[in-house]
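Protein chains: 2
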Amino acid sequence: MTNPQSPIPNLHFPITAASMRIVALSGGVGGAKLVDGLASILLPENLTAVVNTGDDFDHLGLRICPDLDSVLYALAGLENPETGWGRADETWNFLEALGSLGGPSWFKLGDRDLALHMERTRRLRRGEPLSVVTDYLRRALGVKPSAIPMTDDEVSTVVVSSEGDLPFQEYFVARRCEPLVRGFRFVGIERARPAPGVTEALSAADLVVLCPSNPWVSMDPILAVPGVRELVQAKPVVGVSPLVGGQALKGPAAKMAVELGFAPTAYAIAEHYEELLTALLIDAQDASLAPQIRSLGMQVDVTGIIMRTREERASLAARVLDFAKGILSPKGAR
Amino acid sequence: MTNPQSPIPNLHFPITAASMRIVALSGGVGGAKLVDGLASILLPENLTAVVNTGDDFDHLGLRICPDLDSVLYALAGLENPETGWGRADETWNFLEALGSLGGPSWFKLGDRDLALHMERTRRLRRGEPLSVVTDYLRRALGVKPSAIPMTDDEVSTVVVSSEGDLPFQEYFVARRCEPLVRGFRFVGIERARPAPGVTEALSAADLVVLCPSNPWVSMDPILAVPGVRELVQAKPVVGVSPLVGGQALKGPAAKMAVELGFAPTAYAIAEHYEELLTALLIDAQDASLAPQIRSLGMQVDVTGIIMRTREERASLAARVLDFAKGILSPKGAR
Numbered sequence: 033m034t035n036p037q038s039p040i041p042n043l044h045f046p047i048t049a050a051s052m053r054i055v056a057l058s059g060g061v062g063g064a065k066l067v068d069g070l071a072s073i074l075l076p077e078n079l080t081a082v083v084n085t086g087d088d089f090d091h092l093g094l095r096i097c098p099d100l101d102s103v104l105y106a107l108a109g110l111e112n113p114e115t116g117w118g119r120a121d122e123t124w125n126f127l128e129a130l131g132s133l134g135g136p137s138w139f140k141l142g143d144r145d146l147a148l149h150m151e152r153t154r155r156l157r158r159g160e161p162l163s164v165v166t167d168y169l170r171r172a173l174g175v176k177p178s179a180i181p182m183t184d185d186e187v188s189t190v191v192v193s194s195e196g197d198l199p200f201q202e203y204f205v206a207r208r209c210e211p212l213v214r215g216f217r218f219v220g221i222e223r224a225r226p227a228p229g230v231t232e233a234l235s236a237a238d239l240v241v242l243c244p245s246n247p248w249v250s251m252d253p254i255l256a257v258p259g260v261r262e263l264v265q266a267k268p269v270v271g272v273s274p275l276v277g278g279q280a281l282k283g284p285a286a287k288m289a290v291e292l293g294f295a296p297t298a299y300a301i302a303e304h305y306e307e308l309l310t311a312l313l314i315d316a317q318d319a320s321l322a323p324q325i326r327s328l329g330m331q332v333d334v335t336g337i338i339m340r341t342r343e344e345r346a347s348l349a350a351r352v353l354d355f356a357k358g359i360l361s362p363k364g365a366r
Numbered sequence: 033m034t035n036p037q038s039p040i041p042n043l044h045f046p047i048t049a050a051s052m053r054i055v056a057l058s059g060g061v062g063g064a065k066l067v068d069g070l071a072s073i074l075l076p077e078n079l080t081a082v083v084n085t086g087d088d089f090d091h092l093g094l095r096i097c098p099d100l101d102s103v104l105y106a107l108a109g110l111e112n113p114e115t116g117w118g119r120a121d122e123t124w125n126f127l128e129a130l131g132s133l134g135g136p137s138w139f140k141l142g143d144r145d146l147a148l149h150m151e152r153t154r155r156l157r158r159g160e161p162l163s164v165v166t167d168y169l170r171r172a173l174g175v176k177p178s179a180i181p182m183t184d185d186e187v188s189t190v191v192v193s194s195e196g197d198l199p200f201q202e203y204f205v206a207r208r209c210e211p212l213v214r215g216f217r218f219v220g221i222e223r224a225r226p227a228p229g230v231t232e233a234l235s236a237a238d239l240v241v242l243c244p245s246n247p248w249v250s251m252d253p254i255l256a257v258p259g260v261r262e263l264v265q266a267k268p269v270v271g272v273s274p275l276v277g278g279q280a281l282k283g284p285a286a287k288m289a290v291e292l293g294f295a296p297t298a299y300a301i302a303e304h305y306e307e308l309l310t311a312l313l314i315d316a317q318d319a320s321l322a323p324q325i326r327s328l329g330m331q332v333d334v335t336g337i338i339m340r341t342r343e344e345r346a347s348l349a350a351r352v353l354d355f356a357k358g359i360l361s362p363k364g365a366r
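Top to bottom, those sequences are chains Y and H. First residue of the first sequence: 33, per my numbering; consecutive thereafter. First residue of the second sequence: 33, per my numbering; consecutive thereafter.
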């Protein structure tokens with residue numbers, strides 16, 4: 033395994049950007065990739081990932097935090113690039129044996145991945161808050177930048193669907209996103225407090241990055257934690273569109289957009305974050321949408337935003353920072 | 033994998049013995065081997081294993097029942113003959129990953145074995161009694177004879193040692209049986225009721241077999257469940273010594289005997305079960321002890337009692353039944 037914190041060679045980005053203090057709001061796969069890209073060009077102390085926990089759920093007595101795992105595995109260089117979840121170096125003997133005993137095998141738990149859920153659960157059960165456990169796991173995995181759950185309190189995303197209210201993982205994994213989406217509820221969000229470190233990181237940030245994660249089920253829960261939206265709004269905010277060419281690179285964002293009544297394009301993303309975004313990065317495929325998005329009062333950068341390789345993660349991260357530099361200059365600041 | 037229930041060929045035993053109704057009291061490895069031997073020559077409906085649960089414990093949020101597992105795995109043909117616990121076809125990726133996260137890896141949980149503990153725990157957690165869960169797992173593993181925990185109530189073996197009271201698994205696994213044994217307590221035993229089926233099987237039995245398991249920590253808990261000893265005492269009882277040539281074939285029985293003040297021989301076993309045993313099978317190596325054991329008022333059969341192969345399990349089981357036939361004849365019955 034290569035050292036996940038080793039710098040990407042031959043990359044051109046403004047050296048001054050490396051000293052910006054960045055908070056990246058992240059959900060699952062796409063978000064984790066950009067966080068990893070940012071980690072490869074920033075000093076670890078200048079990067080904090082604040083991660084959605086609305087998808088977290090209990091399964092087989094284990095507390096499973098899919099988005100935190102995606103971010104931790106990506107930063108540790110362990111993630112499975114094919115599936116978008118779990119680890120690359122994985123075996124499935126536990127799950128196979130569980131299935132042969134008639135146990136619930138719909139949620140895919142690899143043998144090594146299982147250890148992370150088990151250790152997290154063991155520590156939660158003895159009373160450690162999720163943020164403390166996450167910080168422990170981060171260090172154990174050799175990850176240097178901070179990764180913080182949006183809250184230590186339990187928040188559960190419920191999909192309001194054509195088949196009634198569904199817990200997110202049931203909608204997402206067991207039902208493969210088939211029920212039509214009408215909306216979402218984040219149960220427990222009113223009482224949720226930002227996890228220790230979230231408010232501090234946002235207050236100290238030079239820039240907030242909205243990673244290319246699902247706006248409705250990954251970003252909105254983070255922004256809905258009381259106090260977080262206001263802290264984000266006070267900063268320059270650059271987003272990267274999770275939709276390219278009318279499709280989500282991964283996951284159900286495009287399908288959700290349509291079911292919620294929007295055309296599944298980067299414009300819908302811009303509109304969704306209208307109050308919040310200083311600028312949005314959209315893909316070259318979507319260049320024609322740029323004028324329309326600018327008319328919403330935000331800046332637009334058109335570039336390649338698909339991250340197929342580690343190098344592309346780093347170059348997109350560099351592009352975000354480079355573009356942000358203009359925003360951060362006295363003239364561009366709001 | 034061979035069918036664990038297929039008959040052993042070319043074995044000579046009285047065909048009438050196959051129709052005896054047998055209850056085998058069993059602890060871990062040695063006991064499980066003899067239960068497997070009995071299963072290979074008896075009709076499944078004529079064999080019930082009543083299994084110690086005093087070693088059961090919670091680990092990583094899982095309910096682990098080592099002796100039930102030994103019996104189930106042996107009967108399913110899945111047991112690991114080298115370790116004496118766990119499965120033969122096993123991988124260790126979970127445990128390795130757990131260890132690298134700083135989690136507790138002292139108790140060896142294989143990837144496939146873990147599925148059994150997980151499914152058991154899941155069912156216990158939703159309110160099924162251990163006997164119901166065990167019966168479910170037995171069927172799922174394709175095991176035909178009954179295997180019943182001694183009780184559905186929680187009983188915990190505590191080792192009274194030179195270092196104070198130790199939970200059994202801590203003494204046995206974490207401390208490798210190093211502390212000196214002074215005695216044992218079975219916490220919760222006074223309130224424990226025999227699991228459904230135990231009383232019925234014992235009442236209907238033609239013969240009770242005390243398998244070659246540790247008398248203090250495997251057999252005594254079963255016999256201490258209120259009502260069980262009386263039911264056993266009312267039947268012809270044949271035991272197989274767990275000690276051969278002054279040593280335990282597996283586990284700490286010999287060490288415990290010495291620390292409890294006994295010579296670690298088959299005679300100590302006979303003395304321990306004096307009130308209970310109709311007959312004891314001892315190894316040819318211990319033939320010289322036979323007269324002394326007979327003087328305790330029980331019959332003795334001297335034979336090879338070490339079970340190295342599946343054939344030896346079956347032939348020892350046949351020997352037990354053959355010998356018991358004499359006891360069961362009107363003349364030999366008590």
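Honestly, the hints are just simulated from the structure, not real lab data. Treat the hints loosely; a few may be bogus.
Claimed, not checked - For each label pair, taking beta carbons as the anchor points, the in silico distance ranges come out as:
hint : chain 1 : residue 1 : chain 2 : residue 2 : range
1    : H       : Pro199    : Y       : Gly131    : 29 to 37 Å
2    : H       : Arg53     : Y       : Lys140    : 39 to 47 Å
3    : Y       : Ala172    : H       : Pro76     : 30 to 38 Å
4    : H       : Ala236    : Y       : Lys140    : 43 to 51 Å
5    : H       : Gly196    : Y       : Leu75     : 26 to 34 Å
6    : Y       : Ser132    : H       : His91     : 35 to 43 Å
7    : Y       : Ala172    : H       : Thr115    : 25 to 33 Å
8    : Y       : Ala172    : H       : Gly336    : 46 to 54 Å
9    : Y       : Asp90     : H       : His91     : 12 to 20 Å
10   : H       : Gln317    : Y       : Lys140    : 24 to 32 Å
Unchecked claim - These stretches of chain Y come out as covered by chain H in the derived footprint (C-beta under 8 Å, 3 or more residues):
hint : stretch
11   : 75-86
12   : 245-257
13   : 269-276
Ideal placement from N, C-alpha and C gives every residue a C-beta, glycine not left out.
Outcome of the hint check:
no.: 1; hint: Pro199(H) - Gly131(Y): 29 to 37 Å; in the structure: holds, 32 Å
no.: 2; hint: Arg53(H) - Lys140(Y): 39 to 47 Å; in the structure: holds, 45 Å
no.: 3; hint: Ala172(Y) - Pro76(H): 30 to 38 Å; in the structure: violated, 48 Å
no.: 4; hint: Ala236(H) - Lys140(Y): 43 to 51 Å; in the structure: holds, 46 Å
no.: 5; hint: Gly196(H) - Leu75(Y): 26 to 34 Å; in the structure: violated, 51 Å
no.: 6; hint: Ser132(Y) - His91(H): 35 to 43 Å; in the structure: violated, 22 Å
no.: 7; hint: Ala172(Y) - Thr115(H): 25 to 33 Å; in the structure: holds, 28 Å
no.: 8; hint: Ala172(Y) - Gly336(H): 46 to 54 Å; in the structure: holds, 51 Å
no.: 9; hint: Asp90(Y) - His91(H): 12 to 20 Å; in the structure: holds, 19 Å
no.: 10; hint: Gln317(H) - Lys140(Y): 24 to 32 Å; in the structure: violated, 53 Å
no.: 11; hint: 75-86; in the structure: violated (count 0)
no.: 12; hint: 245-257; in the structure: violated (count 0)
no.: 13; hint: 269-276; in the structure: violated (count 0)
In terms of the numbered hints stated before, the structure departs from hints 3, 5, 6, 10, 11, 12, 13, listed from lowest to highest.
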